[in-house]
Amino acid sequence: MTSVAICDYGAGNVRSVAVAFRRLGAELVDDPAGADLTVLPGVGSAASAMAGLRERGVDETLRDRFAAGRPILGICLGLQLALDETEEDGGVRGLGLLPGRAVRLRAGRVPRIGWAPVEPGRETFYFAHSYAAETPAATAHSEGLVAAAADGSFLGVQFHPEKSGAAGARFLQECLSRA
Amino acid sequence: MPLPRLIPCLDVARGRVVKGVRFAGLREVGDPVELGAGYSDAGADELVFLDVKATADGRPLLLELVAGVADRLAIPFTVGGGVRGVVDAEALLLAGADKVAVNTAAIERPALVSELAARLGSQAVVLAIDAAGGEVYARAGSACTGRGAVEWAQEGEARGAGEILLTSIDADGTRNGYDLELTAAVAAAVSVPVIASGGAGEARHVAEALGVAQAALLASIVHENPARLAALRAELRGLGVPLRDAA
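Going line by line, the protein sequences match chains F and D.
Per this note's numbering, residue 1 is the first one in the first sequence, and the count goes up by one each step.
Per this note's numbering, residue 1001 is the first one in the second sequence, and the count goes up by one each step.
In isolation and in its complexed conformation, chain D is listed as follows (with noise of 0.2 Å):
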């Protein structure tokens, strides 16, 4: 198996990095290219650009954030949000990201993980769920679809998704932990990699998640600061967490 990765999360909105507690008060907090290659010298396997607000007159801000990224950075990367169809897609990819994630568009016509796979190569596709007491919900864990997370990980398999992104929303932004046994039954029903996301506090609580899933995807533990992800970077080698030689 590769190494682990740790993947920090950046929140865009109209091209900016933003904060907000899920969508409300949205704050800029600075440009995603630099802070992107901040991640990148301190270590960052991979990121992910997640378009929060994804509405139709932010897309040339996004394309223009990607391209920029792309031009400033050695490290692959995810954006995520508002990806429709194959045309948003391509569009991402051309200009310069390596995948893309599907939420919620995939859950209201799951032929798009299908259609994507077929024209951009599974390693290309991310199946991001959001996951509360085992069931999927859609727009940003708003709305409960009555699906079980681990069946649909396994139908967004079989559809060709490359990557499962899977974030539980019970353990998201309590700092307690990630949700290591929804985590560890999604990761033991496919065979693609999983990507654990929500809750981490503290080193441990990566390494425990790097013991179930692939990669750990890093958002308010890192706090939009490059300096955290190093010294958690070092905490974890610390644990006897394999990580990559970054230099």
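Bound-form chain F, shown alone (with noise of 0.2 Å):
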């Protein structure tokens, strides 16, 4: 049985994502060091969420994990506080994880919220944002925005997938079998 840490630091709805790592016969556990696999979850404000990373250590713990190339999962906000800095909040440092930075969104209704297609792929994903993040580590795209990026043991989303029906469980399930 593949162990699932995720990072609580006090934000957001924590709740869904390991309700969908559970559905998926994943071990849930409080150790987000020696995990099989450990999630980064995160909505809300960027300053506040990485104050809370820092206050609980976790910032640390993500950062040897990495080096020692182990599996870590970005989700959202999760994905935009591993790049190197965010707009967000008049600018705020990020992990450092992911080369890059996340932007405000400038074109369309923001936040895009709503199931829009990632590419590449066949499936459609629940977005909910206001940022994105512009890296050179992108992986996929939706609709010209990065949905998807990775650099050795990190991937980060943009899209929800604990949110985003049976095509969030199929990615989820990607996401355990490869840890």
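Warning: the hint list may mix true and false statements.
Anything over 10 Å on all C-beta distances counts as not near chain F; from chain D, calculated [to be verified]:
id, residue
1, M1001
2, G1121
3, A1124
4, L1239
Per label pair, the in silico range of CB-to-CB distance [to be verified]:
id, chain 1, residue 1, chain 2, residue 2, range
5, D, G1173, F, P99, 42 to 48 Å
6, D, G1085, F, A166, 45 to 51 Å
7, F, A33, D, A1158, 26 to 32 Å
8, D, G1133, F, G96, 50 to 56 Å
9, F, L28, D, E1028, 43 to 49 Å
10, D, G1085, F, D84, 35 to 41 Å
To be clear about the criterion: a stretch of chain D counts as covered by chain F if any three or more of its residues have a C-beta under 8 Å from a C-beta of chain F, and this derived list gives those stretches [claimed, not checked]:
id, segment
11, 1064-1078
12, 1095-1103
13, 1114-1120
14, 1189-1198
No lab work stands behind these hints: they were computed from the structure.
What you are looking at is a predicted structure, and each value in this text was computed from that prediction instead of being measured.
Just so you know, even glycine gets a beta-carbon here, dropped at the ideal spot from N, CA and C.
Hints in hand, dock the two standalone chains.
See the structure below:
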């Protein structure tokens, strides 16, 4: 059984992420350093999320884990926090696991909320964001925006797999089988 | 732009789905988790649960409902009714809701919208507006505020609301179609997504609403019946509305 740790740093709807992994048969553990897969979820503001990570020492745990080549999955704000920086909240330094920065969406309605196709692949996922990554590590796009980025053992997605129905479950299953 | 969204709305009271005309003669019609799951299977893009009683002694049941829905479903959902401060909203999100909707409490104290957005992020804050004759009504449509709906939507956006859920009291329950004029005016005045609500009687009405808004709230047209949602989706596809493939 694959063990999954979800970084809880006092932000947002962590419950849905836990439920989604439990549904797939993963064992939820409270050990972000030692779990087979560690998940950095996140909604809300970048500044308070980053402060929460630092307060609890999760930032160091994640950097060590990344250096050791152990899998980390970042979701939504979790992807943006892994970058060098984000322009949200007047500029916030990120974890620096991925090169690049998160920038405010400038086209369309913001927040960008709803289901949108992700390329490559034929799946449609649920998005809810006002910022998006600009990174050379992008591996998938949605309507021209970075939908996924990966470097070393870190994979980040801008969409919410835990809220993306059957397509989301397929994605998370793949993350589990790779971990 | 993301795909247009269909959002069934479930009225709940004391943890059960209820049916009634504007609070009068509420009658229990089912279990919210079961009905929500039925809608999810039928292809709902999101769900809205509206606590139409929103009494203090009903809060624990609402939180239990939210947790039950989050444990069972893998689509986003909004909860509205009785959110008066950040503490109420955070409790709902911790229980598993993705967004909270505020209406009367925000009219009485607009700073509530700013506080919620600062703490939860704009993507989690829906400003619900009930309007008739272009003016905003509070207390489930019973109290005219004298404020223009367009102007209130703009203030809500400026304060950090991430979506506007616009219900036309004039159109609500008529089944003659959404109030396209009002919806288009609000959608043109804000840059956040707008959810049209009130008046849907047939698929064509929903298609029209999705021409001016980013999502359509579905209440009496789906009639607490997931099979009706599945049929509606098929009809909308036939009308050329690009809905997601939920399989």
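Verification of the hints:
Non-interface status of M1001(D) relative to chain F is broken: a Cβ of that chain comes within 10 Å, the nearest being about 5 Å off. Consistency note on G1121(D): stated as away from chain F, yet its beta-carbon is not over 10 Å from all of that chain's, at 4 Å minimum. Look at A1124(D): its CB is around 6 Å from the nearest CB on chain F, not clear of 10 Å, so calling it non-interface is violated. Annotated as non-interface, L1239(D) keeps its C-beta farther than 10 Å from every C-beta of chain F; the closest such distance is 19 Å.
Against the hinted window of 42 to 48 Å, the Cβ-Cβ separation of G1173(D) and P99(F) comes to about 55 Å, which falls outside the hint. The given range of 45 to 51 Å is broken by G1085(D) and A166(F), whose C-beta atoms sit roughly 36 Å from each other. Roughly 43 Å separates the CB atoms of A33(F) and A1158(D), a value that falls outside the hinted 26 to 32 Å. Under the hint 50 to 56 Å, the C-beta atoms of G1133(D) and G96(F), about 55 Å apart, fit the expected range.
Taken as a hint, the range 43 to 49 Å is violated for the pair L28(F) and E1028(D), whose Cβ atoms sit roughly 35 Å apart. As the Cβ distance of G1085(D) to D84(F) is approximately 36 Å, the hint placing it in 35 to 41 Å holds. Counting residues of the segment 1064-1078 of chain D whose beta carbon lies closer than 8 Å to any beta carbon of chain F gives 6, which reaches the threshold of three, so the coverage claim holds. With a cut-off of 8 Å between beta carbons, the segment 1095-1103 of chain D has 4 residues touching chain F; three or more are needed, and the interface restraint holds.
Here the segment 1114-1120 of chain D counts 3 residues with a CB under 8 Å from a CB of chain F, which clears the bar of 3, and the coverage holds. Counting residues of the segment 1189-1198 of chain D whose beta-carbon sits less than 8 Å from any beta-carbon of chain F gives 3, enough to reach three: the coverage restraint holds.
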